[in-house]
Amino acid sequence: NAGVTQTPKFQVLKTGQSMTLQCAQDMNHEYMSWYRQDPGMGLRLIHYSVGAGITDQGEVPNGYNVSRSTTEDFPLRLLSAAPSQTSVYFCASSYSRGRNNEQFFGPGTRLTVL
Amino acid sequence: AQSVTQLDSQVPVFEEAPVELRCNYSSSVSVYLFWYVQYPNQGLQLLLKYLSGSTLVKGINGFEAEFNKSQTSFHLRKPSVHISDTAEYFCAVTRSGGSYIPTFGRGTSLIVHP
Numbered sequence: 001n002a003g004v005t006q007t008p009k010f011q012v013l014k015t016g017q018s019m020t021l022q023c024a025q026d027m028n029h030e031y032m033s034w035y036r037q038d039p040g041m042g043l044r045l046i047h048y049s050v051g052a053g054i055t056d057q058g059e060v061p062n063g064y065n066v067s068r069s070t071t072e073d074f075p076l077r078l079l080s081a082a083p084s085q086t087s088v089y090f091c092a093s094s095y096s097r098g099r100n101n102e103q104f105f106g107p108g109t110r111l112t113v114l
Numbered sequence: 001a002q003s004v005t006q007l008d009s010q011v012p013v014f015e016e017a018p019v020e021l022r023c024n025y026s027s028s029v030s031v032y033l034f035w036y037v038q039y040p041n042q043g044l045q046l047l048l049k050y051l052s053g054s055t056l057v058k059g060i061n062g063f064e065a066e067f068n069k070s071q072t073s074f075h076l077r078k079p080s081v082h083i084s085d086t087a088e089y090f091c092a093v094t095r096s097g098g099s100y101i102p103t104f105g106r107g108t109s110l111i112v113h114p
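Here the protein sequences come in this chain order: A and B.
Under my numbering, the first residue of the first sequence is numbered 1, with each subsequent residue one higher.
Under my numbering, the first residue of the second sequence is numbered 1, with each subsequent residue one higher.
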């Protein structure tokens, strides 16, 4: 199993540009989520999905879009990048039933917006 | 809704000394509790979790945590730290039987000096 994979690892954007951060998991997890990590702020939830076709907003959704067309993939779209979106982005997945609710994290995407 | 407070943003210790990282939570319902570790430039990985049963939970790399319901705490301990334990540690909580999207604390940076 590859677990949770994220691409790219690093990205530099100019203000106003758009891009998509990719996330995929091969564990057949129902739950997938996107977090951003900023110094002193911990992990903040951007969007999450409880299954294919179902998404919902987290704590800091503004400026980001998501969709979940398959169980495996959960891309995060930045519509018009702003310097405030400079951060490290983590994708995570987990089961939705039973006691196996450990979150599995990807390696992260480090995004800089100039 | 639940919340998590990690009382120390940074904990410096010397190698082979004991360490305790503090975590308090608030919730009106039963919870599951987790500690995750993030080594430099990596994603998060599970250190240990409390779901039910014994309040003393043992995890990887010699860490353990104790669930204290009356004090709503889940402090992480290790009797003797190594340089390799230098990392960011996150406490997290989910509702038992509810949404499996966890709420994370802001993290504690453990810095082990030789």
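FYI, nobody ran anything at the bench for these hints, they're computed from the structure.
Computed from a prediction, not measured in an experiment: that's the story for all the values here.
Hints are not guaranteed to be accurate.
Not the full set, but computed from the structure, chain A residues with beta-carbon under 10 Å of chain B [unchecked claim]:
#1 Ala-2
#2 Val-4
#3 Gln-6
#4 Gln-11
#5 Ser-33
#6 Gly-40
#7 Arg-44
#8 Leu-45
#9 Asp-56
#10 Gly-58
#11 Phe-90
#12 Cys-91
#13 Ser-94
#14 Asn-101
#15 Arg-110
#16 Leu-114
Even for Gly, the Cβ is constructed at its ideal location relative to N, Cα and C.
Hint check:
1. The beta carbon of Ala-2(A) comes no nearer than 13 Å to any beta carbon in chain B, farther than 10 Å, and the hint placing it at the interface is violated.
2. With its C-beta approaching chain B no nearer than about 8 Å, Val-4(A) sits inside the 10 Å limit, and its interface hint holds.
3. Taking 10 Å as the C-beta contact cut-off toward chain B, the hint placing Gln-6(A) at the interface holds, the least distance being around 8 Å.
4. Here the hint on Gln-11(A) is broken, as its CB sits about 15 Å from the closest CB of chain B, past 10 Å.
5. This hint holds: Ser-33(A) has a C-beta 6 Å from the nearest C-beta of chain B, less than the 10 Å allowed.
6. Nearest Cβ of chain B to the Cβ of Gly-40(A): about 7 Å, under the 10 Å cut. The hint holds.
7. A hinted interface residue such as Arg-44(A) counts as satisfied when its beta carbon comes closer than 10 Å to some beta carbon of chain B; here the least separation is about 8 Å, so the hint holds.
8. Checking Leu-45(A) against chain B by beta carbon gives a least distance of about 7 Å; that is within 10 Å, so the hint holds.
9. Because the closest C-beta pair between Asp-56(A) and chain B is about 9 Å apart, less than 10 Å, the hint holds.
10. Restraint check, Gly-58(A) versus chain B: the minimum CB separation of about 8 Å is within 10 Å; hint holds.
11. Of the supplied interface hints, the one on Phe-90(A) holds, with its beta-carbon coming within about 6 Å of a beta-carbon of chain B, less than 10 Å.
12. Hint status for Cys-91(A): holds, given a least beta-carbon distance of 9 Å to chain B, under 10 Å.
13. Using the Cβ-Cβ criterion of 10 Å, the hint placing Ser-94(A) at the interface with chain B is satisfied: the shortest such distance is roughly 5 Å.
14. Hint on Asn-101(A) holds. Least Cβ distance to chain B is approximately 4 Å, under the 10 Å limit.
15. Among the interface hints, the one on Arg-110(A) holds; its C-beta lies about 9 Å from the nearest C-beta in chain B, closer than the 10 Å criterion.
16. The restraint placing Leu-114(A) at the interface with chain B is violated, with a minimum CB-CB distance near 21 Å, outside the 10 Å limit.
Against the hints set out earlier in the document, violations occur for numbers 1, 4 and 16.
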